[in-house]
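Following the hints, position chain B against chain A.
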Amino acid sequence: MNIPANLKYTSSHEWVRTEADGTLSIGITDHAQTALGDLVYVELPAIGRKLAAAEACAVVESVKAASDIYAPVAGEVVAVNADMTDAPEQVNKDPYAAWFFRIKPADPAGAAKLLDARAYEATIGDA
Amino acid sequence: MLKQTPLNVIHRAAGARMVDFGGWDMPVNYGSQIDEHHAVRNDAGMFDVSHMRGVDLRGDARNGGVRDFLRYALANNVDKLKDPGKALYSCLLKPDGTVIDDLIVYFLREDFFRLVVNAGTADKDIAWFRQLLAERAPHLTLTPRTDLAMIAIQGPNARTKVWRALPGSEPVASALKPFTAAAMQTAWGEVFIARTGYTGEDGLEIMIPAPRVVDLWQALVAAGVRPAGLGARDTLRLEAGMNLYGQDMDETVSPLESGLGWTVDLASPRDFVGKAALLAHPPSRQLAGLVLVDKGGVLRAHQAVHTGKGDGTITSGTFSPTLNQSIALARLPADVAVGDTVRVVVRDRELAARVVKPPFARNGKACVSLTP
Numbered sequence: 818m819n820i821p822a823n824l825k826y827t828s829s830h831e832w833v834r835t836e837a838d839g840t841l842s843i844g845i846t847d848h849a850q851t852a853l854g855d856l857v858y859v860e861l862p863a864i865g866r867k868l869a870a871a872e873a874c875a876v877v878e879s880v881k882a883a884s885d886i887y888a889p890v891a892g893e894v895v896a897v898n899a900d901m902t903d904a905p906e907q908v909n910k911d912p913y914a915a916w917f918f919r920i921k922p923a924d925p926a927g928a929a930k931l932l933d934a935r936a937y938e939a940t941i942g943d944a
Numbered sequence: 274m275l276k277q278t279p280l281n282v283i284h285r286a287a288g289a290r291m292v293d294f295g296g297w298d299m300p301v302n303y304g305s306q307i308d309e310h311h312a313v314r315n316d317a318g319m320f321d322v323s324h325m326r327g328v329d330l331r332g333d334a335r336n337g338g339v340r341d342f343l344r345y346a347l348a349n350n351v352d353k354l355k356d357p358g359k360a361l362y363s364c365l366l367k368p369d370g371t372v373i374d375d376l377i378v379y380f381l382r383e384d385f386f387r388l389v390v391n392a393g394t395a396d397k398d399i400a401w402f403r404q405l406l407a408e409r410a411p412h413l414t415l416t417p418r419t420d421l422a423m424i425a426i427q428g429p430n431a432r433t434k435v436w437r438a439l440p441g442s443e444p445v446a447s448a449l450k451p452f453t454a455a456a457m458q459t460a461w462g463e464v465f466i467a468r469t470g471y472t473g474e475d476g477l478e479i480m481i482p483a484p485r486v487v488d489l490w491q492a493l494v495a496a497g498v499r500p501a502g503l504g505a506r507d508t509l510r511l512e513a514g515m516n517l518y519g520q521d522m523d524e525t526v527s528p529l530e531s532g533l534g535w536t537v538d539l540a541s542p543r544d545f546v547g548k549a550a551l552l553a554h555p556p557s558r559q560l561a562g563l564v565l566v567d568k569g570g571v572l573r574a575h576q577a578v579h580t581g582k583g584d585g586t587i588t589s590g591t592f593s594p595t596l597n598q599s600i601a602l603a604r605l606p607a608d609v610a611v612g613d614t615v616r617v618v619v620r621d622r623e624l625a626a627r628v629v630k631p632p633f634a635r636n637g638k639a640c641v642s643l644t645p
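If you're matching them up, the sequences are chains A and B in order.
Each residue of the first sequence is one higher than the one before, counting from 818 in this note's numbering.
Each residue of the second sequence is one higher than the one before, counting from 274 in this note's numbering.
In case anyone wonders, no lab produced these hints; they're calculated from the structure.
Any given hint might turn out to be false.
Said to hold, decoys possible - Pairwise CB distance ranges (calculated): (1) A:T851 to B:P484: 48 to 56 Å; (2) A:T851 to B:T419: 31 to 39 Å; (3) A:A904 to B:G581: 33 to 41 Å; (4) A:A863 to B:G519: 34 to 42 Å; (5) B:K568 to A:P925: 30 to 38 Å; (6) B:L405 to A:T902: 26 to 34 Å; (7) A:P821 to B:G497: 53 to 61 Å; (8) B:P484 to A:A863: 14 to 22 Å; (9) B:H579 to A:P925: 42 to 50 Å; (10) B:A574 to A:Q907: 26 to 34 Å; (11) A:A899 to B:P484: 48 to 56 Å; (12) B:T419 to A:A929: 33 to 41 Å.
To be verified - With a Cα cut of at most 20 Å, we get these calculated EDC-like pairs of lysine to aspartate or glutamate: (13) A:K867 to A:D903; (14) B:K276 to B:D396; (15) B:K568 to A:E860; (16) B:K568 to A:E906; (17) B:K397 to B:D329; (18) B:K568 to A:D885; (19) B:K568 to A:D900; (20) B:K367 to B:D333; (21) B:K582 to B:D538; (22) A:K921 to A:E893; (23) B:K568 to A:E893; (24) A:K910 to B:D538; (25) A:K930 to A:E893; (26) A:K930 to A:E872; (27) B:K355 to B:D396.
Every residue gets a Cβ at the ideal spot worked out from N, C-alpha and C, and that includes glycine.
The following block holds chain A by itself, in its conformation from the complex (with noise of 0.2 Å):
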């Protein structure tokens, strides 16, 4: 199983990468979208929405389930991949390249406290 060391993630198995500018682009990680099967369908939030932490956000459908993404920590969506909902099976063929929103956190640390690669691992056991 794919869990690259760069990136955060959460136990609702989202991964977040802190760009540049402070932002964090949000997937979902490779445990995730082998769960799912092929990926037909994502709702994106809208920009500018405001979200706390956990707070469920955008769906993916495959063809065998519907499933939430939640937000990692609280902020704003500044930014929606809009490349997505023409071709969700993307998310299938490269998980860690197709993010779906980014958003500004509302705390610039936020992120630190996310779950690193090797406790990510641990939470699902990798079975």
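Just chain B now, kept in the frame of chain A:
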């Protein structure tokens, strides 16, 4: 403790994602169920269906009796089977007209018919048949063929790839008309080859002694057939407008409310289990096809459907890779018409869907228009 087919080790070695399917440990995909679906529509894919069960019904040479028994036991009429090898799709009904299972019956000889029943219902079906036989035809023998494994190879190139993989099979297998079967001797023992399937594509289903099924599977892989799992099997059969027992029909509904009226022969004078109940209860619901019109999700089983003529429920829903849109079967009021727009409750909103006549796709292509 899940049951396993003889191909279990092969599936795991191929990286399959496994699921519990009716008590069986089965592959749901080998990586991408959508790619596997396209392989079947465009080339050749294969499914391990060894969890399904062949059941042989035999009489004695003097007094066949098998045909008589099946005339009574099955809702479709086995008198349609005149040529040896011919197959028939039928429901097995309870006296109250509800569905115990759907199955295929093959006429092989007057004293030998073979049935193929679903995995999750095999034990129930066999117990039901034994009970009926005890009452009506105790001289017949019923043999569940747990010694046989089965592979379904489907797609426009399926048959030619089977001939390549199964030496000596071409003369017999290439002569098979659709919905016909034949047995033949091979280096791997006697195999039973049927030109049937559950995908809407041409193809063959092969029953083979269980100890040899791994050899057959590997020969098919070498011949260019792509392993496909239950995920693709479901999107293919739904595109083809084929019912799934346990979802589209079960012991709470009649075949007439499940889109299976065409499989019930009510015209001939023969009596059969469930006939009186079907005649006494004309259907007030239908099984209709739906194509999602609004974007916003995927149609799925159990979603509520609101129509101008009353409410209904989706029985099977999925994303159709061939149409690139979500499709479903739904039990709706009988007077909802093809072309009507209905509203489906998907997660937290109502999405528009259009009523269509299945199948949605067959022989590699879409059959319904997506434009209203």
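Unsatisfied constraints (hint numbers, rising)
1, 6, 7, 8, 12, 13, 20, 21, 23, 24 and 27
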